[in-house]
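Visitor: Each chain, written out:
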Amino acid sequence: MSFVLAQFLTGLASAASLFLAASGLSLIFGVSRVVNFAHGAFYMLGAYIAYTLTTHLAGSAVGFWAAVLLAALATAAIGTLMEITLLRRIYRAPPLFQLLATFGVALMAEDLVLLIWGPSDLLGPRAPGLSGAFHILGAPLPRYDALLIVVGPSVLGLLWLLLHRTRWGRMLRAATEDREMVAVLGINQKWLFTGAFALGIFLAGLGGALQIPRESVSHDMDLGIIVEVFVIVVIGGLGSIPGAFLAALLVSELNVFGIMLLPTASLVLVFAVMAAVLILRPYGLLGAPEAMRAAGEWAGRVWKPMPRGARLLAPAALLLAASAPLWLGGYALSVGAEILIAAIFAASLQFLMSVGGQASFGHAAYFGLGAYGAAMATAAGLGMPASLLIGIAASLAGGIAFGWFCVRLAGVYFAMLTLAFAQILWTVVFQWVDVTGGDNGILNVWPARWASSAAHFYWLTLAAMAGSVLLLRIVAFSPFGYALRATRDSPLRAAAIGIDVSRTRWLAFALAAAFAGLAGALFAFLKGSVFPDSLGIGVSIDGLVMVLLGGVGTISGAIAGAAVYKALSIWLMTETDYSRLVLGALIVVLVVAFPRGIAGSWQTLVPSLRLALRRRGALAERGA
Amino acid sequence: MSLPRGLGLAALGAIIGIGAARAAEPIRIGEINSYSALPAFTVPYRKGWQLALDEINAAGGVNGRKIEVISKDDGGKPGAALTAANELTMQDGVVMLMGGFFSNIGLALGDYAAHRHVFYLAGEPLTDAMVWKDGNRYTFRLRPDNYEQAAMLADAAAKLPAKRWASIAPNYEYGQSAVRVFKQLLAKKRPDVQWVAEQWPPQGKIDAGAVAEAIAQAKPDAILNVTFGPDLVKLVREGEARGLFKGVTVVSFLTGEPEYLEPMKAEAPSGWIVTGYPWYGIDTPAHKAFLDAYETKYHQHPYMGSVVGYTEMKVAAAILAKAGGTETDKLIAAAEGLSVPSPFGEITLRRIDHQSTLGTYLGKTALKNDSGVMVDFRYEPGQDFLPSDAEVRAMRPQG
Numbered sequence: 001m002s003f004v005l006a007q008f009l010t011g012l013a014s015a016a017s018l019f020l021a022a023s024g025l026s027l028i029f030g031v032s033r034v035v036n037f038a039h040g041a042f043y044m045l046g047a048y049i050a051y052t053l054t055t056h057l058a059g060s061a062v063g064f065w066a067a068v069l070l071a072a073l074a075t076a077a078i079g080t081l082m083e084i085t086l087l088r089r090i091y092r093a094p095p096l097f098q099l100l101a102t103f104g105v106a107l108m109a110e111d112l113v114l115l116i117w118g119p120s121d122l123l124g125p126r127a128p129g130l131s132g133a134f135h136i137l138g139a140p141l142p143r144y145d146a147l148l149i150v151v152g153p154s155v156l157g158l159l160w161l162l163l164h165r166t167r168w169g170r171m172l173r174a175a176t177e178d179r180e181m182v183a184v185l186g187i188n189q190k191w192l193f194t195g196a197f198a199l200g201i202f203l204a205g206l207g208g209a210l211q212i213p214r215e216s217v218s219h220d221m222d223l224g225i226i227v228e229v230f231v232i233v234v235i236g237g238l239g240s241i242p243g244a245f246l247a248a249l250l251v252s253e254l255n256v257f258g259i260m261l262l263p264t265a266s267l268v269l270v271f272a273v274m275a276a277v278l279i280l281r282p283y284g285l286l287g288a289p290e291a292m293r294a295a296g297e298w299a300g301r302v303w304k305p306m307p308r309g310a311r312l313l314a315p316a317a318l319l320l321a322a323s324a325p326l327w328l329g330g331y332a333l334s335v336g337a338e339i340l341i342a343a344i345f346a347a348s349l350q351f352l353m354s355v356g357g358q359a360s361f362g363h364a365a366y367f368g369l370g371a372y373g374a375a376m377a378t379a380a381g382l383g384m385p386a387s388l389l390i391g392i393a394a395s396l397a398g399g400i401a402f403g404w405f406c407v408r409l410a411g412v413y414f415a416m417l418t419l420a421f422a423q424i425l426w427t428v429v430f431q432w433v434d435v436t437g438g439d440n441g442i443l444n445v446w447p448a449r450w451a452s453s454a455a456h457f458y459w460l461t462l463a464a465m466a467g468s469v470l471l472l473r474i475v476a477f478s479p480f481g482y483a484l485r486a487t488r489d490s491p492l493r494a495a496a497i498g499i500d501v502s503r504t505r506w507l508a509f510a511l512a513a514a515f516a517g518l519a520g521a522l523f524a525f526l527k528g529s530v531f532p533d534s535l536g537i538g539v540s541i542d543g544l545v546m547v548l549l550g551g552v553g554t555i556s557g558a559i560a561g562a563a564v565y566k567a568l569s570i571w572l573m574t575e576t577d578y579s580r581l582v583l584g585a586l587i588v589v590l591v592v593a594f595p596r597g598i599a600g601s602w603q604t605l606v607p608s609l610r611l612a613l614r615r616r617g618a619l620a621e622r623g624a
Numbered sequence: 001m002s003l004p005r006g007l008g009l010a011a012l013g014a015i016i017g018i019g020a021a022r023a024a025e026p027i028r029i030g031e032i033n034s035y036s037a038l039p040a041f042t043v044p045y046r047k048g049w050q051l052a053l054d055e056i057n058a059a060g061g062v063n064g065r066k067i068e069v070i071s072k073d074d075g076g077k078p079g080a081a082l083t084a085a086n087e088l089t090m091q092d093g094v095v096m097l098m099g100g101f102f103s104n105i106g107l108a109l110g111d112y113a114a115h116r117h118v119f120y121l122a123g124e125p126l127t128d129a130m131v132w133k134d135g136n137r138y139t140f141r142l143r144p145d146n147y148e149q150a151a152m153l154a155d156a157a158a159k160l161p162a163k164r165w166a167s168i169a170p171n172y173e174y175g176q177s178a179v180r181v182f183k184q185l186l187a188k189k190r191p192d193v194q195w196v197a198e199q200w201p202p203q204g205k206i207d208a209g210a211v212a213e214a215i216a217q218a219k220p221d222a223i224l225n226v227t228f229g230p231d232l233v234k235l236v237r238e239g240e241a242r243g244l245f246k247g248v249t250v251v252s253f254l255t256g257e258p259e260y261l262e263p264m265k266a267e268a269p270s271g272w273i274v275t276g277y278p279w280y281g282i283d284t285p286a287h288k289a290f291l292d293a294y295e296t297k298y299h300q301h302p303y304m305g306s307v308v309g310y311t312e313m314k315v316a317a318a319i320l321a322k323a324g325g326t327e328t329d330k331l332i333a334a335a336e337g338l339s340v341p342s343p344f345g346e347i348t349l350r351r352i353d354h355q356s357t358l359g360t361y362l363g364k365t366a367l368k369n370d371s372g373v374m375v376d377f378r379y380e381p382g383q384d385f386l387p388s389d390a391e392v393r394a395m396r397p398q399g
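Going down the list, the protein sequences come from chains X and P. Going by my numbering, the first sequence opens with residue 1, and the numbers climb by one from there. Going by my numbering, the second sequence opens with residue 1, and the numbers climb by one from there.
None of these hints come from the bench; they were simulated from the model. Among the hints, a few may not be true.
[Stated by the list, open to error] Okay, the calculated beta carbon distance ranges per label pair:
(1) P/K163 / X/L158: 45 to 53 Å
(2) X/L254 / P/K246: 28 to 36 Å
(3) P/K368 / X/L158: 55 to 63 Å
(4) P/N369 / X/T166: 35 to 43 Å
(5) X/L328 / P/R137: 27 to 35 Å
(6) X/K304 / P/R137: 56 to 64 Å
(7) X/F480 / P/E327: 55 to 63 Å
(8) P/P397 / X/A448: 38 to 46 Å
(9) X/A317 / P/E391: 54 to 62 Å
[What the hints assert, rightly or not] Mimicking SDA-like on lysine to any residue, the simulated pairs with C-alpha atoms at most 25 Å apart in a straight line are:
(10) P/K246 / X/L5
(11) P/K133 / X/V428
(12) P/K364 / X/L122
(13) P/K205 / P/A222
(14) P/K205 / X/W432
[To be verified] Covered stretches of chain X, as calculated for chain P (at least 3 residues, CB under 8 Å):
(15) 320-331
(16) 565-576
Everything numeric in this text was worked out from a predicted model, so none of it was measured. Even for Gly, the Cβ is constructed at its ideal location relative to N, Cα and C.
Assemble the whole structure, with the sequences as input and the hints as a guide.
Guide: Spelled out as structure tokens, the structure:
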């Protein structure tokens with residue numbers, strides 16, 4: 001009995017720290033619709049600053065707590081600075097573009113903390129006077145845990161008071177429910193957003209700072225927390241702070257008792273819970289249905305098939321790319337093949353996002369299924385063509401199975417359910433060593449003799465890329481493509497004219513999965529081995545970044561995004577130890593410079609340039 | 001960081017107009033490691049090989065040629081490591097590859113080496129598969145692997161009175177194989193041992209309080225720990241607060257390495273039986289020389305990674321010196337059975353499985369001046385703990 005109590009109390013304490021970080025994220029999203037990917041980075045920053053301050057001030061309890069509070073405030077100040085200098089410029093950009101900007105910041109933060117605090121894990125002091133344990137009915141309760149158990153609900157209460165009993169709080173809630181109306185009423189949204197952001201980051205910093213007495217501070221803390229926090233926010237319902245509290249509690253308690261029954265399942269548990277919640281309650285435990293705001297945000301312009309100039313340009317570019325083996329060495333060709341594979345992957349995600357209006361955060365699942373499908377087929381003795389087909393089939397099957405659940409949701413909930421499935425799949429592959437080889441992967445997946453030279457493999461991937469992009473374009477302009485775009489722009493009207501919305505989306509999802517599978521299968525042969533990171537969250541994020549960089553409103557911008565992002569990340573990786581810092585900074589610059597993506601900005605730039613030229617020509621004529 | 005090379009070197013050569021003799025051209029070695037993903041381990045490692053490289057080149061290099069190392073970061077990803085391997089072998093013209101920290105990267109590079117017929121000397125990767133199940137002709141490995149660490153610890157564990165054991169290990173291949181081998185070897189010596197609880201926290205995400213409670217609930221006499229880094233810190237803090245370690249002996253993989261022990265400062269656990277590297281207490285002449293050189297150059301003490309990096313570089317140079325050429329077949333022939341001095345004493349690259357006989361230190365942790373140290377330690381040579389030749393032949397693909 002005392003054991004059950006002890007586990008329960010431990011769960012309560014864990015819930016508190018999760019809740020702090022999650023409530024901030026939920027607040028920010030609710031008000032500004034920004035998916036703040038840098039939230040984990042601020043959590044980490046809070047911990048690092050608290051480490052420095054507590055080691056200097058920790059002599060007394062007052063010093064310790066002052067240091068924790070100061071660290072949270074300092075983190076909030078840095079976050080506010082980011083909001084004012086970066087995010088304010090891009091609130092009008094397409095949705096999710098802010099995610100790209102915050103992703104850049106998160107990348108930079110990982111290297112910056114290394115530069116400032118050094119590579120070693122840092123162990124801060126314990127809270128003065130709170131290092132022992134109480135005993136409640138025979139169950140040990142560490143004093144610090146007891147404190148956290150009090151802190152969680154207190155913060156919840158304070159936030160509730162702030163949001164419900166102050167004018168500012170009311171405005172925040174109003175903005176959460178209807179931004180446009182708040183703006184129409186003459187409330188200065190700018191500072192409302194900044195305020196919400198500052199508060200959210202303060203909570204993240206506080207969450208990080210409070211971890212000092214429990215764990216060591218390290219430069220990958222942010223990765224550990226960010227996904228979990230997203231999950232909490234989504235289970236609770238986006239924008240709902242009590243929901244985040246409830247979700248943190250649920251996940252933590254399930255975790256502490258889960259490891260008793262199934263010690264190996266803890267990694268998969270939280271995602272399984274999220275998937276279950278989203279399938280049963282599509283808007284989370286306490287979330288409200290998202291307002292119908294899809295129309296307009298994704299659509300942008302009406303698409304036309306390529307103009308004649310571009311139609312001539314595309315084969316010319318292809319020809320130029322095909323001639324690469326004449327003037328490039330083996331290494332450059334292998335990098336070229338990697339970029340082409342990334343382009344296939346990005347194009348498949350772009351199809352889902354731009355044509356279908358569904359932003360997947362878990363597209364890596366289908367890349368990985370393709371890679372593992374091909375690798376396992378090769379290990380079983382099949383030839384390369386058969387293995388490639390099996391890889392595609394595996395992804396298609398995965399897309400059909402998971403897609404059925406996912407396409408019933410929209411927006412961020414859709415994104416998070418795709419993430420949940422991808423993470424569950426990753427966990428299975430990572431931990432099921434007997435079948436998948438676990439972390440040690442599957443080796444010896446080299447291409448067949450006819451494709452093994454660098455040039456041949458490059459040509460193979462080039463053909464696959466060109467074929468995939470062409471096919472996806474054809475689909476986008478086919479009747480099915482029009483139906484899909486209708487479901488994207490207005491699901492209600494699409495349904496009214498007789499389009500089966502779910503089925504159309506489901507088909508698109510499966511199709512995108514199959515193309516991602518092709519990319520994954522080719523990747524397996526390019527590298528000669530497959531590891532769980534091929535379906536890890538990093539690959540999903542890479543895909544998103546490539547699409548967003550290319551331009552989410554375009555059909556084939558992902559190719560440009562893939563080329564720029566992959567080439568940069570490979571080149572930076574070989575040139576510097578601080579590739580994340582440089583890459584992150586470049587992403588931030590690109591986001592500010594091209595708020596519609598590279599290809600997207602090009603498309604808006606060209607007509608306006610043409611217009612300007614024509615005007616100037618007219619003026620010149622008149623002058624003459 | 002990468003050394004100046006490529007365009008820079010070519011431009012420099014053109015400006016100064018060297019038409020230097022071929023003999024002066026350096027031998028290039030490609031080095032790959034997880035510098036950005038695991039700086040706490042790879043920074044000392046890099047210092048180690050740089051020290052050795054300086055020593056080798058100061059002594060005139062190998063066979064009259066200097067050695068140049070081109071170093072690449074893999075970001076902790078096998079895919080990136082393979083891209084780097086391609087660049088090094090296809091573009092930079094290196095004669096061999098070395099490095100690697102994570103097991104999966106070591107395996108990926110080993111497989112690459114076999115496929116491309118490149119010589120690969122692995123430093124840190126610990127997985128048993130590298131030299132046995134997935135071993136190949138082109139791959140050699142320096143550090144004592146999982147099996148050897150488990151064997152050393154199981155040896156010490158068998159002497160304990162403890163009968164009821166519990167295990168805590170990260171849930172992936174490393175943790176799983178460490179626990180499996182330890183259990184097997186302990187069972188051979190102590191059939192009376194009973195395993196009463198096991199916890200498999202996800203790597204990097206331990207719920208330490210809950211894990212500590214769950215283990216304490218089973219009331220074990222001894223605990224086998226395989227967690228490391230931030231997970232271990234959390235486990236120690238939560239375990240201490242809950243009295244988990246009171247009256248319990250803990251046997252722990254790698255915890256005695258300064259990389260893991262030092263960050264825990266005054267909270268480092270006492271009395272744990274660990275493998276590690278007590279740089280402060282080894283008084284062999286070979287180690288003294290290494291320690292002095294390292295501290296003189298960096299004004300800092302060496303870590304386990306430093307020893308691995310240093311030895312790896314020395315082994316690579318010894319292979320090149322003995323081979324007399326840079327063709328892969330010559331390198332393999334030279335490496336098989338080669339004996340090289342190391343800070344831990346003479347080691348041999350075994351012919352049978354390409355595993356080196358480098359060992360490690362086994363001892364107990366203690367607190368001294370508010371920091372964790374190893375006491376009562378002794379060097380355990382690798383050859384004493386490797387499986388028999390017949391067992392190796394059964395595990396390793398032959399031919």
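Visitor: Take a look at whether the Cβ-Cβ distance between X/F480 and P/E327 falls inside 55 to 63 Å.
Guide: holds, 58 Å
Visitor: Can you tell me whether the CB distance of P/P397 to X/A448 sits inside 38 to 46 Å?
Guide: About 21 Å separates the Cβ atoms of P/P397 and X/A448, which means 38 to 46 Å is violated.
Visitor: Looking only at beta-carbon atoms, does the pair X/L254, P/K246 fall within the given range of 28 to 36 Å?
Guide: holds, 29 Å
Visitor: Between P/K163 and X/L158, does the beta-carbon spacing fit 45 to 53 Å?
Guide: holds, 52 Å
Visitor: Taking 55 to 63 Å as the stated bounds, is the beta-carbon spacing between P/K368 and X/L158 within them?
Guide: violated, 45 Å
Visitor: Need the status of pair P/K133, X/V428: alpha-carbon distance at most 25 Å?
Guide: With a Cα-Cα distance of about 22 Å, the restraint between P/K133 and X/V428 holds, given a limit of 25 Å.
Visitor: Straight-line Cα separation of P/K364 and X/L122 no greater than 25 Å?
Guide: Holds. P/K364 to X/L122 sits at ~23 Å (cutoff 25 Å).
Visitor: Holds or violated: the 35 to 43 Å window for the beta-carbon distance between P/N369 and X/T166?
Guide: violated, 53 Å
Visitor: Could you grab the alpha-carbon distance between P/K205 and P/A222 and see if it respects the 25 Å cut-off?
Guide: holds, 23 Å
Visitor: State, for the Cβ atoms of X/K304 and P/R137, whether the hinted interval 56 to 64 Å holds or is violated.
Guide: At roughly 59 Å between Cβ atoms, P/R137 and X/K304 fall inside 56 to 64 Å, so the hint holds.
Visitor: Is P/K205 within 25 Å of X/W432, Cα to Cα?
Guide: holds, 18 Å
Visitor: Examine the segment 320-331 of chain X: at least three residues should have C-beta closer than 8 Å to a C-beta of chain P.
Guide: Since 3 is at least three, the answer is holds.
Of the hints listed earlier, those the structure fails to meet are numbers 3, 4 and 8, in rising order.
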